[in-house]
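Undergrad: Numbering (my numbering), first residue to last: 352 to 659.
The hints are simulated quantities; they were obtained by calculation from the structure and are not laboratory data.
Computed from a predicted structure; not experimentally measured.
Positions of the beta carbon are idealized from the N, C-alpha and C atoms, including for glycine.
Certain hints may be false.
Quick list of simulated restraints, FRET-style, between CB atoms [claimed, not checked]: (1) Asn502 x Ser376: 25 to 35 Å; (2) Asp569 x Glu510: 19 to 29 Å; (3) Glu547 x Arg515: 21 to 31 Å; (4) Leu367 x Lys441: 19 to 29 Å; (5) Lys516 x Ile370: 45 to 55 Å; (6) Gly372 x Lys408: 49 to 59 Å; (7) Asp569 x Gln605: 50 to 60 Å.
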Amino acid sequence: MTIEALQKRIKTTNELRNIVGTMKSLSTASILQYDEASKALKKYNETIIHGLQSAVKNGIWNKPYSSKTPIEKQKIIAIIIGSDNGLVGKFNRDIISCAEKYFKEIGADKNNVSYVGIGKRIIGILERNKCEIDEKYAVSNSVKNISLIANSVVIRLDEIMAKRKAERVVIFYNEKPSRSAPFKNSYKTLLPIDEEFYQNLRKQPWNSRGFPLITIEDNIFVSNLIKEHIMMSLVGGITDSLKAEHHTRLNNMQAAEKNIDENLEKMNLEYQQMRQEAITSELLDVVSGSEALRNRLKKEKEARNKKK
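Just need the whole structure built from these sequences, with the hints factored in.
TA: Next up, the structure:
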């Protein structure tokens, strides 16, 4: 490699490092944004939970629906959340594997499972795996648009469940664990409402003498709260997935930055060596030229002296 080619390579690598640095900054800013969204979501969801608890304590909601259909015959809708963009390693493949493992463990027939895909990359994998896809959504990096996506899914979910006569809805997503790993696979059954969740509402103390005044029909009240709870679970899943995605990308960018820095150090060292060799070669040429000139002048002088 010539010194000019190496110089060009160093310049290109520095430009790449700047791009990686920008992506790191964007991921860091996005993580903070999703952290704030998660805190706000948690507070709002607590209000929904209190509403459901009041319905249980007040005798409005007596028991959650429980399917009598054997699990191997149940029609299941899997809402699976991935990423729109790359540079996330196994992020999308792992959550697909998590869903497949889950259905195998509970004894579900994979032919009875259809998917709602959220994220272009995850949809691509589902299509390559020849999975049945009911609906496709892109992931928005804007916090404001997360609830719009979740709302669209909830509205469409009623139609899909009626069409397929589905009895179970499960959401699969990645989230950021507290430990050092960038993400872990998670899932949650949205429908039917988990019996354990219902019993926890029943057992928790109601810290008030009375119950809220309900001005609509009991079944509509409970139905609306359950829909809102599903909506918040979806919003939470998308938010957690986006946060985990950016943590994964940040980790990958940090690793890339480290490799780039190591390569830059090697290339700069090689460049300095090549420059030193070039300078040494130039100096040797100058010395050789000077020596040759001196010898020539000496010979010319000797020749003139002989003529005299």
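Undergrad: None of the hints should be skipped; say for each whether it holds.
TA: Structure-based check of each hint:
1. Taking 25 to 35 Å as the suggested C-beta distance range, the pair Asn502 and Ser376 conforms, at roughly 31 Å.
2. At about 25 Å, the CB distance of Asp569 to Glu510 agrees with the hint of 19 to 29 Å.
3. Between Glu547 and Arg515 the beta carbon distance is about 26 Å. The supplied range of 21 to 31 Å therefore holds.
4. For Leu367 and Lys441, the Cβ-Cβ distance of about 23 Å falls inside the hinted range of 19 to 29 Å, so the restraint holds.
5. For the hinted restraint 45 to 55 Å between Lys516 and Ile370, the CB-CB distance of approximately 50 Å keeps it satisfied.
6. Distance hint check: the CB atoms of Gly372 and Lys408 are about 54 Å apart, consistent with the given range 49 to 59 Å.
7. Judged by the Cβ atoms, the range 50 to 60 Å given for Asp569 and Gln605 holds: they are separated by roughly 53 Å.
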